[in-house]
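Q: Given next are the chains, with one letter for each unit.
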Amino acid sequence: MEKFTTHTGIGVPLRQSNVDTDQIIPAVYLKRITRTGFEDALFAAWRKDASFILNQEPFSTGSVLVAGPDFGTGSSREHAVWALKDYGFKAVLSSRFADIFRGNSGKQGLLAAELAQDDIELIWKVLENAPGTEVKVDLVSKTVECGNVVAPFEIDDYTRWRLLEGLDDIGLTLQHEEDITAYEATRPSFKPKTLPARTQ
Amino acid sequence: MGKTLAEKVWDAHVVRKGEGEGANAQPDLLFIDLHLVHEVTSPQAFEGLRLAGRPLRRPDLTIATEDHNTPTLDIDKPIADLTSRTQIQTLRNNCKEFGVRLHSLGDAEQGIVHVVGPQLGLTQPGMTVVCGDSHTSTHGAFGALAMGIGTSEVEHVMATQTLSLKPFKTMAINVEGTLRPGVSAKDIILAVIAKIGTGGGQGYVLEYRGSAIRALSMDARMTICNMSIEAGARAGLVAPDQTTYDYMYGRPHAPQGEEWDAAVEYWNTLHTDDDAAFDVEVDLDADTLEPFVTWGTNPGQGISLNEAVPFPGDFGDENAKLAAERALQYMGLEAGTPMKDIRVDTVFLGSCTNSRIEDLRAAADVIRGREKDPKVRMLVVPGSARVRLEAEAEGLDKVFKEFGAEWRFAGCSMCLGMNPDQLEPGERCASTSNRNFEGRQGKGGRTHLVSPVVAAATAVRGTLSSPSDLEPASVSASTTTDAA
Chain A
1 MEKFTTHTGI
11 GVPLRQSNVD
21 TDQIIPAVYL
31 KRITRTGFED
41 ALFAAWRKDA
51 SFILNQEPFS
61 TGSVLVAGPD
71 FGTGSSREHA
81 VWALKDYGFK
91 AVLSSRFADI
101 FRGNSGKQGL
111 LAAELAQDDI
121 ELIWKVLENA
131 PGTEVKVDLV
141 SKTVECGNVV
151 APFEIDDYTR
161 WRLLEGLDDI
171 GLTLQHEEDI
181 TAYEATRPSF
191 KPKTLPARTQ
Chain B
1 MGKTLAEKVW
11 DAHVVRKGEG
21 EGANAQPDLL
31 FIDLHLVHEV
41 TSPQAFEGLR
51 LAGRPLRRPD
61 LTIATEDHNT
71 PTLDIDKPIA
81 DLTSRTQIQT
91 LRNNCKEFGV
101 RLHSLGDAEQ
111 GIVHVVGPQL
121 GLTQPGMTVV
131 CGDSHTSTHG
141 AFGALAMGIG
151 TSEVEHVMAT
161 QTLSLKPFKT
171 MAINVEGTLR
181 PGVSAKDIIL
191 AVIAKIGTGG
201 GQGYVLEYRG
211 SAIRALSMDA
221 RMTICNMSIE
231 AGARAGLVAP
241 DQTTYDYMYG
251 RPHAPQGEEW
261 DAAVEYWNTL
271 HTDDDAAFDV
281 EVDLDADTLE
291 PFVTWGTNPG
301 QGISLNEAVP
311 FPGDFGDENA
321 KLAAERALQY
331 MGLEAGTPMK
341 DIRVDTVFLG
351 SCTNSRIEDL
361 RAAADVIRGR
371 EKDPKVRMLV
381 VPGSARVRLE
391 AEAEGLDKVF
401 KEFGAEWRFA
411 GCSMCLGMNP
421 DQLEPGERCA
431 STSNRNFEGR
441 QGKGGRTHLV
451 SPVVAAATAV
461 RGTLSSPSDL
471 EPASVSASTT
481 TDAA
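So the sequences go chain by chain: A and B.
Letter 78 of the first sequence, counting from 1, is numbered 78 in my numbering, and no numbers are missing.
Letter 142 of the second sequence, counting from 1, is numbered 142 in my numbering, and no numbers are missing.
A portion of the hints provided could be inaccurate.
For the chain A half of the interface with chain B, some residues (derived, Cβ under 7 Å), not all of them [to be verified]: (1) R35; (2) T36; (3) E39; (4) G68; (5) E121; (6) K125; (7) R160; (8) P192; (9) A197.
If you are wondering where the hints come from, they were derived from the structure by calculation, not from laboratory data.
As the structure is a prediction and not an experimental result, all values here were calculated from the model.
Using N, Cα and C, we set each Cβ at its ideal position, and we do this for glycine too.
Chain A with its partners taken away, still in its complex shape:
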């Protein structure tokens, strides 16, 4: 995973709450077996509407999405994060993220930054009054800057550390393989196993 320290790019105001993962990437695009190449799938249904924000300049080249509360609700599809990343987004700002989406973002180096809703509203106004304004997201200081707005954001320390260092989760866990083996030895024998297969 690439390290993330700061990013500056055009902010995209998405004035909508409950942006679910079926909107971020409709199910039809989930049939692919690759991990990249999902840029065409991002907001596929909404992008057919000419008035959708990503169909307007200069927002089409945006890299910081500023969304309403409850962003990423619904399905666990990590494809939602892949699609945002493949399109060019580096960070999403919202006052509340769905748990699984937030987790998936952290694994993939997409920064999910939680701001107060009042600050989201202020940033929306800046971006709507001056389209093309850049948003600076600083993970070191946990702040966002946009026009005259400077706002703090929340992210859990562990995810922040992993993003700053660009660390691979599996590698980190396998450093503790002895602990896993030790735990396995203590599991009760009544716990089920899938193999050998038993059926009715």
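Fit chain B to the given chain A structure using the hints.
A: Frame of chain A, contents of chain B only:
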């Protein structure tokens, strides 16, 4: 102080405690007892293992089924959609390469992953269960800590049989009282979501408690836990009891003999201690609950079936108002219209929420001896091939077919329309599934989430209806409707 059920299960699975305290604490490393796999969220994870040269650590704690993409017609023929066929074939190749047990299309144990696990007795109290699917919360009905994960986490579990997780907060959902006839588990969970909102459970594990929950069957408890994610919670659970044990006893992977006794002794400890405290408690009155239905495009936009489409202006919050306006426009609904005046084109009975045998029985009880509205099409999609066989043994397939419904093979089907079972633009559906998002069941499709008995009554009348709205059936038939 005592512990909640969720905390007990958590603590029993800590491989390594995260360093630090409070908000700065690192995540705990938890052991995963069961990993369920399906074709959609696994190919990139298997590929990750292959690229890193890592084995799948515990094939004996892993099981795969084909469900999201599978057709529900002509299952003996090659899958017509090439990308679907490729994804299914990729799962088959991966399972073979990594030694994972797979139940393929055509196999008697094939079906929706969340129906198959419990049915085989693989889901048991006190376990940690994960799957690359958000409705993994279903398995919480057994007192398991079960949650959906993303593909990176799928790969992590494959490689390590563990997951790094930060502790959750706990929320009690207390449902006291007795459900009236025609009111079911689905109505409880839809009412809970309407009450706390789609983000209300975010960061929490829910525990469903109270006399109304204790009175529910396992199938009904699964319906409730299934939709915890629609309330924003990654997991929701119910403490195991005799109902749980009776369901599990004798299932293929349930413990046997002395192992069963040892397991029950442990399971009996799996309840929230009297002196334990939840971070939040929410109460719901079962006595006054009515059949519930959604009017909008997120699962929190629901009301009693006896009410009318709400006015956006009634919502105090500006975001909720905007969301309601947008939802009504998408749904093609006018504020003030009684919900029961809304005509539907399609009725879908299926999905991991409501496709188990009791759901089919409850719906069949409503339609038996009645005629379907001729303008409505009805799809009945059992949750698994085993449920389908069981229903056929009871003659339920005949009830549905005589009624004019389509009796299909098992899978996720029209819940998310990854296979050919989709709505047309503008088509309106009463659906027993879990998500009424824009385009979820097909581009431009309009979804109203309902219980199985409401779905059945709606198929009879053609408008959103509860069983109590129906004329008496033409032949003597059971109209027991409270089993869903």
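Q: All the hints need checking, so say for each whether the structure fits it.
A: Evaluation of the provided hints:
Look at R35(A): its Cβ gets to within about 4 Å of chain B, closer than 7 Å, so that hint holds up. A hinted interface residue such as T36(A) counts as satisfied when its beta carbon comes closer than 7 Å to some beta carbon of chain B; here the least separation is about 9 Å, so the hint is violated. Annotation: interface hint on E39(A) violated; nearest CB of chain B at approximately 16 Å, more than 7 Å. The beta carbon of G68(A) is positioned within 7 Å of a beta carbon in chain B (closest approach about 6 Å), and the interface hint is therefore held.
Interface hint at E121(A): violated, since its Cβ lies 9 Å from the closest Cβ of chain B, which is beyond the 7 Å cut-off. For K125(A), the interface hint is violated, since its Cβ never comes within 7 Å of a Cβ in chain B; the closest pair sits about 14 Å apart. This hint is violated: R160(A) has a C-beta 11 Å from the nearest C-beta of chain B, more than the 7 Å allowed. With a cut of 7 Å, the hint placing P192(A) at the interface with chain B holds, because the nearest CB-to-CB distance is about 4 Å.
For A197(A), the suggested interface contact is upheld, since its CB lies about 5 Å from the closest CB of chain B, less than 7 Å.
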